[in-house]
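Engineer: One letter stands for each residue in the lines below.
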Amino acid sequence: MIIIPAHNEEKSIEKTINSIKKYDYVVINDGSTDQTEEILEKNNYNHINLCFNLGIGGAVQTGYRYALENDYDIAIQFDADGQHDANSIPELIKPIIDGEADFTIGSRFIKKNSTNFKSSFMRRVGIRLISGVIFLFSRKRIYDTTSGFRAANREVIEYFTEHYPKEYPEPVSDFELLKLKFRVIETPAKMHEREAGKSSIHTWKSAYYVINVLLSILIVQVRRIKK
Amino acid sequence: MTNLQIEMLIAAIIFFFIITISLAKNRLSIGSSIAWFLLPIAFILIAIFPDTVNAFANWLGFQMLSNFIFLVIIGLLILICFFLTVSNSKQQDQITKLNQEVSILKAKNKKK
Numbered sequence: 006m007i008i009i010p011a012h013n014e015e016k017s018i019e020k021t022i023n024s025i026k027k028y029d030y031v032v033i034n035d036g037s038t039d040q041t042e043e044i045l046e047k048n049n050y051n052h053i054n055l056c057f058n059l060g061i062g063g064a065v066q067t068g069y070r071y072a073l074e075n076d077y078d079i080a081i082q083f084d085a086d087g088q089h090d091a092n093s094i095p096e097l098i099k100p101i102i103d104g105e106a107d108f109t110i111g112s113r114f115i116k117k118n119s120t121n122f123k124s125s126f127m128r129r130v131g132i133r134l135i136s137g138v139i140f141l142f143s144r145k146r147i148y149d150t151t152s153g154f155r156a157a158n159r160e161v162i163e164y165f166t167e168h169y170p171k172e173y174p175e176p177v178s179d180f181e182l183l184k185l186k187f188r189v190i191e192t193p194a195k196m197h198e199r200e201a202g203k204s205s206i207h208t209w210k211s212a213y214y215v216i217n218v219l220l221s222i223l224i225v226q227v228r229r230i231k232k
Numbered sequence: 036m037t038n039l040q041i042e043m044l045i046a047a048i049i050f051f052f053i054i055t056i057s058l059a060k061n062r063l064s065i066g067s068s069i070a071w072f073l074l075p076i077a078f079i080l081i082a083i084f085p086d087t088v089n090a091f092a093n094w095l096g097f098q099m100l101s102n103f104i105f106l107v108i109i110g111l112l113i114l115i116c117f118f119l120t121v122s123n124s125k126q127q128d129q130i131t132k133l134n135q136e137v138s139i140l141k142a143k144n145k146k147k
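In order, the protein sequence lines correspond to chains A and B.
Counting in the numbering used here, the first sequence runs from 6 upward without gaps.
Counting in the numbering used here, the second sequence runs from 36 upward without gaps.
So that you can see chain A by itself, here it is in the shape it has in the complex (with noise of 0.2 Å):
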């Protein structure tokens, strides 16, 4: 099952929805502001309306709780700016089908990619310094540390349903993955410059963001985690 959190995704989400149709999928729309609401609806695309604005991780987890409850055995995060490739989404769950993962991220930049996305220098640099201490802790590379296309197995939405980091979800609950033994593999995924809407990480505030995930690893790093 597909879960796409939507925050002020007017422009982009019925494109994003046609697109990965064939599979099982639910909208988590996100208090957004705008026209989101009534599209979801006069489509009828599932989805639910979260009563106020959580936040991209409380959106996330909602979707992984409503996998649990209504028991998919994988749960795929997906944009809903356009940004992901639903093309990539079987390479993503194969090692999980497979059995030789709990949990995959869709990466930009491992080999044999043919992907167009060109991010900024600064956020290149920021995104390997963080996967430069996820390394230094727990030994594991992870290259697309900030990717939000990821597939989790059961075991992961059921832990994600407990536990999911609300600021800076994706390093940070990488890296606890990490730490609590779970396997996780990259895959390669094509992504493309997002569509409409805004990244909610804009440039100037790179800097502050690698210093906050670098800051959530390290606390993740001394406090005492179990499943």
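Be aware that one or more of the hints could be misleading.
To be verified - For lysine to any residue, the following SDA-like pairs were computed, each having C-alpha atoms within a straight-line distance of at most 25 Å:
{"#": "1", "chain 1": "B", "residue 1": "K141", "chain 2": "A", "residue 2": "N48"}
{"#": "2", "chain 1": "B", "residue 1": "K141", "chain 2": "A", "residue 2": "E74"}
{"#": "3", "chain 1": "A", "residue 1": "K195", "chain 2": "A", "residue 2": "P95"}
{"#": "4", "chain 1": "A", "residue 1": "K47", "chain 2": "A", "residue 2": "G36"}
{"#": "5", "chain 1": "B", "residue 1": "K141", "chain 2": "A", "residue 2": "G60"}
{"#": "6", "chain 1": "A", "residue 1": "K210", "chain 2": "A", "residue 2": "V138"}
{"#": "7", "chain 1": "A", "residue 1": "K26", "chain 2": "B", "residue 2": "N144"}
{"#": "8", "chain 1": "A", "residue 1": "K99", "chain 2": "A", "residue 2": "E74"}
{"#": "9", "chain 1": "B", "residue 1": "K132", "chain 2": "A", "residue 2": "G60"}
The hints are simulated quantities; they were obtained by calculation from the structure and are not laboratory data.
Start from chain A and add chain B according to the hints.
Structural biologist: For chain B alone, kept in the frame of chain A given last:
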């Protein structure tokens, strides 16, 4: 008794009174009242045993009793403030979970 002692006793009694009334009217839970009882208790101890407290303050290296009293009270306030933040974080988590559950239920209901 010095004026200061009397003032502190009166302040402590008023404080106790406010806390007890709030408890009686169910505006304050018993658990969270305990932190607030520490403050008037500290006041009363200082008012009743000023010499002991003074000696203790001197032993700790304070020049004046008042400095010590300020520090103790500020320390208690910081502590209370910290525990408020802790309980606030917990409540945020609970509210988040409620929001998620209610939203899922609402969506489910609408489909029926």
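Engineer: A separate judgement is required for each hint: does it hold in the structure or not?
Structural biologist: How the hints compare with the structure:
Annotation: proposed proximity of K141 of chain B to N48 of chain A holds, straight-line Cα distance about 18 Å (limit 25 Å). Restraint check for K141 of chain B and E74 of chain A: satisfied, since their Cα atoms lie roughly 14 Å apart, inside the 25 Å limit. With a C-alpha separation of about 12 Å, the suggested pairing of K195 of chain A with P95 of chain A holds against the 25 Å cut-off. Taking the CA atoms of K47 of chain A and G36 of chain A, the gap is near 17 Å; set against the 25 Å cutoff, the hint holds.
Note on K141 of chain B and G60 of chain A: the hinted pairing holds, with a Cα-Cα distance of about 19 Å set against a maximum of 25 Å. A distance of roughly 20 Å separates the Cα atoms of K210 of chain A and V138 of chain A; the hinted pair therefore holds under the 25 Å criterion. With a CA separation close to 23 Å, the supplied pair K26 of chain A and N144 of chain B stays within the 25 Å bound. Our distance criterion of 25 Å between C-alpha atoms is met by K99 of chain A and E74 of chain A, whose separation comes to about 23 Å.
As the CA atoms of K132 of chain B and G60 of chain A are separated by approximately 13 Å, the hinted pair is consistent with the 25 Å bound.
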